[in-house]
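Protein chains in written order, with this note's numbering: chain A, 1 to 199; chain B, 1 to 267.
Hints in this document: simulated from the structure, not taken from any laboratory.
Don't take each hint at face value.
[To be verified] What follows is a set of in silico ranges between Cβ atoms, one per label pair, in the way DEER data are often shown:
#: 1; chain 1: A; residue 1: S161; chain 2: B; residue 2: S103; range: 51 to 59 Å
#: 2; chain 1: A; residue 1: V46; chain 2: B; residue 2: G198; range: 18 to 26 Å
#: 3; chain 1: A; residue 1: S192; chain 2: B; residue 2: S103; range: 22 to 30 Å
#: 4; chain 1: A; residue 1: L160; chain 2: B; residue 2: L107; range: 49 to 57 Å
#: 5; chain 1: B; residue 1: L111; chain 2: A; residue 2: G113; range: 51 to 59 Å
#: 6; chain 1: B; residue 1: R177; chain 2: A; residue 2: A25; range: 38 to 46 Å
#: 7; chain 1: A; residue 1: D89; chain 2: B; residue 2: T49; range: 39 to 47 Å
#: 8; chain 1: B; residue 1: G197; chain 2: A; residue 2: N49; range: 25 to 33 Å
#: 9; chain 1: B; residue 1: G197; chain 2: A; residue 2: P136; range: 17 to 25 Å
#: 10; chain 1: B; residue 1: S57; chain 2: A; residue 2: G164; range: 33 to 41 Å
These numbers come from a predicted model, not from an experiment.
Every residue gets a Cβ at the ideal spot worked out from N, C-alpha and C, and that includes glycine.
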Amino acid sequence: MMTPSEEDFELELRSLPGVLSVGVAHRDDGEIEKVTLFVRGQDPEVVRNVALQVASLYYPRAAVAVEDANRAPASSAPDAARVALVRTDFSVHDGVSEVFLGFAGRTGIGRSGSGPLVGGAEATIAALRELGFDVPFFLVAVNAIASVRGWPVMVTLRSLSDSGDRIGIAQAEGELESSARATLDALNRYLSSPGAVGR
Amino acid sequence: MATDETELDGRVYEPWLFLTMLDELANADAGIGFIYSVLDLLAKRYSLTDAVVVLGSDQVGTQAFRLGRRQVDADSLELLDNVDVVVTTPDVVPDVVRDAVRSVCQLSLSLHLARYGAANDPLTNIANRRTFETALETASVQSSRYGWAFTLVLIDLNEFKAVNDTVGHAVGDDLLRTFGYALRRAVRGGDTAARIGGDEFAVILCNAEGPEVASFLERLRSTVVPTGSLISFTVGTATAPRDSTEPAELYRIADARLYEKKGKSKR
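Only chain A is shown next, with the shape it has when bound in the complex (with noise of 0.2 Å):
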């Protein structure tokens, strides 16, 4: 049996517009490590943007997804073509931050010397771009917000085609694994376009 706070957290992301279905996984200790939502009707973006704010309040370190069902679910892609982030490190002696990410079986290492909070960013941007995906964003700012839960990341990227902003939000252990996975966050969709990989 569930334990009441994960009713209502389901019940809420049920009750978002346009949502047919929820899907959750959990990790080993019992915590939820991803929401999956299954949307029609709505904009899966928008409706993943307010479903992270839910889950902020819930559950801070789950992952959100959003499938959207006018489309060709993205469970259909194999595991393997998705970027995940194996590993992160900082070195206290020199200062550099390294993102380890994983994608269809090879590793991708970024490094920056920014510090955990900014070198988190530039290293998974630097990772990415070494397992060849073409990423046309810069890097507008990184915050660790101030939440009663912790220190959310929150990653500003900005197209160099345009002046679109994405957003990612992210909490993890640390400030540098949370802004590698608000970094993530904030590509999410464009990494699943067939363009993002150069080579």
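Once you've looked at the hints, dock chain B against the given chain A.
Using the frame of chain A, we list chain B on its own:
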């Protein structure tokens, strides 16, 4: 016919499954979790690898629930227009059992929605006025009896009517929703945040006086301000037992202080 089945009026019933479901329904604080429990029972009884129940309600529209809290996929797409379905793989569940499963799941969803709706404001998902009044009554009794301190914070959004009038009610609703999220972020576990009127909110901060109230307001401002310049607010507070331990009096004092500040800000 299996030993745990009973034939009645030409239809096969399974008392074991029904009794187990009813037992769980009676014992569980029926909600969404119960729906998954029923799907588990169904899977166990019929050795199923998959099961989906599609339900419907005015509040949340059509909803599909899948065994193991898994997400539905393309295979379930065609089901989503039908709110009268229980699908299992393989298809071995008798119709009478499917009907019962669907009914009991529908009942459980309705109970959860009713319980949630009775306590919370549908737009912001924070407590409604009724829940707030109960919480204020409880806090006041405890303060009177044990001397515990708590602070009632009344919050009024500034110029909200102008937002509604100039940019529309949809934007106004978004603003209220955003403020509701900000309040939920800013309160601590055990505090109560409620929407008590159109653009009026109330918070009961347990074990809180001056410094704790100041830090709550700081958290609230830091959460609200970056989200948009449309939101600003005025607060009025009353602290028990210093100001009073009577709920109505605390409310009156906080309300008077709020409107005193509002008056000042308009001058």
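**Q.** Hint check against the structure, violated hint numbers in rising order
**A.** 3, 6, 9
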